[in-house]
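Visitor: Note that the protein sequences, when read in sequence, are chains A and B. If you use my numbering, the first sequence corresponds to residues 972 to 1604, in order. If you use my numbering, the second sequence corresponds to residues 972 to 1604, in order.
It should be emphasised that the hints constitute simulated quantities derived from the structure, not laboratory data. Don't be surprised by glycine CBs; every beta carbon is placed ideally from N, CA and C. Accuracy of the hints is not assured; some may be wrong.
[Claimed, not checked] Distance condition first, Cα-Cα at most 20 Å in a straight line; then the derived SDA-like pairs of lysine to any residue:
1. LYS1002(B) x LEU1454(A)
2. LYS1446(B) x HIS1189(A)
3. LYS1569(A) x VAL1594(B)
4. LYS1584(B) x ALA1462(A)
5. LYS1446(A) x LYS1446(B)
[Stated by the list, open to error] Listed next, the stretches of chain A that the computed footprint assigns to chain B, with coverage defined by at least 3 CB atoms under 8 Å from CB atoms of chain B:
6. 1442–1448
7. 1585–1599
2 protein chains.
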Amino acid sequence: MTEQTPGGYTGKILRVNLSDKSISIEEPDDKFYRQYFGGTALIGYYLLKELKPGIDPLGPDNKLIFSAGVITGVPCAGCGRSGVGSKSPLTDGWGDSQAGGFWPAELKRAGWDTIIVEGKAANPVYLWVNDNKVEIRDASHLWGKATKEVEKQIQDELGDKRVRIAQIGPAGEKLVRFACILNDTTHAYGRNGHGAVMGSKMLKAIAVRGNQALPLAHPEKVGEVAKWLRDNYKVLSAGLTAHGTSEGVPGLNEKGILPTRNFQEGQFEGYMDIAGATMTETILVGRDNCYACPINCKRKVEVGPPYNVDPVYGGPEYETIAALGSFCGGNDLKAIAKGNQICNAYGLDTISTGNSIAFAMECFERGILSKEDTGGIELKFGNAEAMMTMVEIIAKRQGLGDILAEGTMRAAEKIGHGAAEYAMQIKGQELPMHEPRGKVGLGIGYAISPTGADHNHNMHDTEYAIEGRPLEVIKAMGIQEPLSPLDLSPAKVRMFRYVVNWQHFQNCAVICCFQPFNWSHLVQLVNGATGWNTSVFELMKVGERALALARVFNAREGYTAKDDIIPERLYEAFNSGPLKDKKIGKQTMHQALQTYYKMAGWDPERAVPTAEKLQELDLGWVVEELDKTVIKK
Amino acid sequence: MTEQTPGGYTGKILRVNLSDKSISIEEPDDKFYRQYFGGTALIGYYLLKELKPGIDPLGPDNKLIFSAGVITGVPCAGCGRSGVGSKSPLTDGWGDSQAGGFWPAELKRAGWDTIIVEGKAANPVYLWVNDNKVEIRDASHLWGKATKEVEKQIQDELGDKRVRIAQIGPAGEKLVRFACILNDTTHAYGRNGHGAVMGSKMLKAIAVRGNQALPLAHPEKVGEVAKWLRDNYKVLSAGLTAHGTSEGVPGLNEKGILPTRNFQEGQFEGYMDIAGATMTETILVGRDNCYACPINCKRKVEVGPPYNVDPVYGGPEYETIAALGSFCGGNDLKAIAKGNQICNAYGLDTISTGNSIAFAMECFERGILSKEDTGGIELKFGNAEAMMTMVEIIAKRQGLGDILAEGTMRAAEKIGHGAAEYAMQIKGQELPMHEPRGKVGLGIGYAISPTGADHNHNMHDTEYAIEGRPLEVIKAMGIQEPLSPLDLSPAKVRMFRYVVNWQHFQNCAVICCFQPFNWSHLVQLVNGATGWNTSVFELMKVGERALALARVFNAREGYTAKDDIIPERLYEAFNSGPLKDKKIGKQTMHQALQTYYKMAGWDPERAVPTAEKLQELDLGWVVEELDKTVIKK
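Here chain A stands alone, though its shape is the one from the complex (with noise of 0.2 Å):
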């Protein structure tokens, strides 16, 4: 194939009006698609153009949007990710997600980059995309049922175990506003409550098969980074191999950052208990990966009576691990695999989940909540009994599970009390499992991002990242000295902007950001994928024109600098540990938000690119949306 032809991406798009059942598909032209590249990009070309401000997140007006990126599916490590992106139900504003597995690298190989959902329908229904067939098919057996009863009835009823499915567990089937959507029941596109939108829209699945080759301009240069990856991984990610992204556990504990009780503290007694390196030796049954990765970060675990947990809805991941486990004051490893498996079953979120049942903690132990509230329910940090029991009951809106299941900052607003200054949520959307005081960067990360409070839009670790691999990207930036993780110095900000603009372009590529991959094994990967001859100039900007889209859709919803905050907790120091005495200053972050924002050539009122910044992103076409705020906060 000759460098005119395209390589990579499909070129075809399809669309599924669920209120009609009109299918229809379009053919982006080489131009589109190195412009908007796939994932964030793609999607926030599409929600911009498409979704009037002020729209309703839960009906039929919302998008759901489903799109792989130029490389996903090429046979490569880290190649294996879909983005998936709506109005999210959290924020009110802009909501995006990445999952890895199988399901997005099957959706090329049938012949599509991304999926476009509108409407709703009338009964339940799954999309079944057989590479050119498509089509809309009951589900209302499958309502209500578990994503791995869904899946194999799917596969059963297809004839054909090799169908890839995405889908939702009852938990969007009843609009759990931090419901997730799981490709093979086990890799989440877990944040901004993307599952509550495909249930809205009554799609509890979509089930793929594809036999199409992915044309590929020059294969010979995607071997290449393919066979470096093969060769270097087992030194470069032995760690993740062994335990899983939960292997650093113990590292965070030392330096005072694991989160812990609700934010209350930075270090737990009970680490060890939750490492990875402790469930490698105890629960684990084997290891699992996503297409095409010899890495296998993937957990599969298993614990028998009363836990009973199955194997087949993986082990937890480190943000699970933290979110169910310290951050609920709990250490039983066990307890926190069997909260993984019901959020994989049901479709949570295990963060907001775990972050939404220590709020109720602390509610409940400051009094605020009491036993009659919880329906009898102990609900003390450390309590895994009670933070099971919770995620059950957030999953099936019963008890206070129904309330927590809008998610803390409305939780909070129902329950009163001064219950708000214990939701640890930005915009709407509960905090990972990163602690911002011990490295103040991630403060930054955490108030600009458009998807509200996320790891996955800011590349949390980069503070840490001293030595090794993540510091040539970095230097590779121009940026030469590792720079302190108390730091928040305008240098700090120029990194962050850099690192945040970078991760938006991974986001949009789809790629896995735990590979090793240096800045030139991507642009390798695009050029062979694509037939393109792209710079990592060019990608940086895919990346900034992704945040820069998502801004001004957040801007129309009426967002602005004010909403660019992070919970009132984070500014008070730790009382003991290695951050003792520690804090951010207010003030400093303030300052810091608004050199970000010029440095960034945003507005720093409205907190969005101005005009010429979006001219200088190839998005003349979005300036006049600037102007279309139709709610005021």
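Position chain B relative to chain A; hints supplied.
Guide: Using the frame of chain A, we list chain B on its own:
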């Protein structure tokens, strides 16, 4: 050598004070080189740190800095250049210029990256840099002599024909404000009048001889790029080899953008007489090159009596052909070659020389200058004899030549009677031979160039780069489609901003922009030489940093957005030719400049980077320089 050992640069900067004859050495660290690189950025660092605003550019407080880049002297085509910088006697602001030849690589081989010349000698001197031995030697016997003679005499007295010499001619001694400095009698640091600065310091020449191998981190990576060039230049640079830099004259004429008669016209009836191909067929006797370059774009020409053009002074480049030819209305190639020889023998910038003569010709034709003023010369467009005489009397500062030696801005003020209208200059520097009415983005380039009117700070031909190599670079910037050369939309401003930053990087590298390299080649050259793992993103920031330093330097001198203008004439449409009736709208240009400032992160009134932009460029120390303006223009 390992990646930790620096390569590419020598790590040594030579500082010579001619007032007290002190010589010292500075050895910046690796971070410094990666941040300031060489050429424009490195010069900017020193000029901004060490010059007080308001100093006399021709006084002892000015400094003259010769700075090679981290890939200068690397065994690859394009790597034979050096930058020179000082406060410009033309603009009373920032000045930098670049030249090739063999002197720069010799400087590196002698173990030096940069020479900073300070103070003023009591009597004429020259500098003898013989590897680590540095000597200030008497040059009284050389003062007043032409460059060819000086070169021979220095080589003779040093007893080494391989000594390379950068020198001024008599014009520099006489402080002609657009005097140049020449490497090897033919390669000129032409713009901004550095020759006058060197003259003001009584420094006739810098002779260099080196015997040290330049350390390279990865010679094989450098070798790959050198080989690629050797394998491809015969196709990619065929025109340059065959006919030199003036190969494009017929094409420019066809497009109506061959600067003619002081920008009164865009087409010249005698264009074929001055075309590169015509030179090839007539007066060409040989081709010449710069260090390590096989392209041989330099010319050797010979003309017998009465012209007596000596091949040692080289043949005229495009700029010279147009400036002394069409711009003065002349089609006599032999006369142009003679004018070129006088410029190189006396050390005059051919662009400002030709431009000044054309200015005087127009004044003469309009009756502003009389035969009395010209000393009897019939100073009309097309008078080749007059042109040659004028070159000589400018160099010698005789009669009208003495007035023109001040540059057109100052000359117009002295002449009065509305002469300023015909001075084709910006910020005091004369326009080069590129017509913005047919490539309007160049107009922005002219207006914002910190050097005043200049084509080496904005990649003048980009707007016609519809196909082939240059578009690959533009595409890798994220610009997928060529823009009309007449477009001044924000999209064009964006392209121009990227191109300007890249061109500034090339002036830091200091790489020849005629090489058909892609971005990846340059990244590989830098990494191969230095052992860094840099990226084009970082290199673009180096360029942006260089421009920022220069703009802050100008802001300190009182320059603001009000000075970012182009001559009024360029807003008038041509009466004929392909651009007939097409003009640049003045309001459109104003708007484009405002867009540029905002896109670039510049304060739109002072036209200088904001504090936040400086911080983003790792120039936090420069922020306070913004408050040091001493001159309000």
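Visitor: Give a verdict on every hint.
Guide: Against the structure, the hints come out as follows:
no., hint, verdict
1, LYS1002(B) x LEU1454(A), "14 Å, holds"
2, LYS1446(B) x HIS1189(A), "19 Å, holds"
3, LYS1569(A) x VAL1594(B), "14 Å, holds"
4, LYS1584(B) x ALA1462(A), "11 Å, holds"
5, LYS1446(A) x LYS1446(B), "24 Å, violated"
6, 1442–1448, "holds (count 4)"
7, 1585–1599, "holds (count 4)"
Hint compliance for this structure: hint 5 alone is broken.
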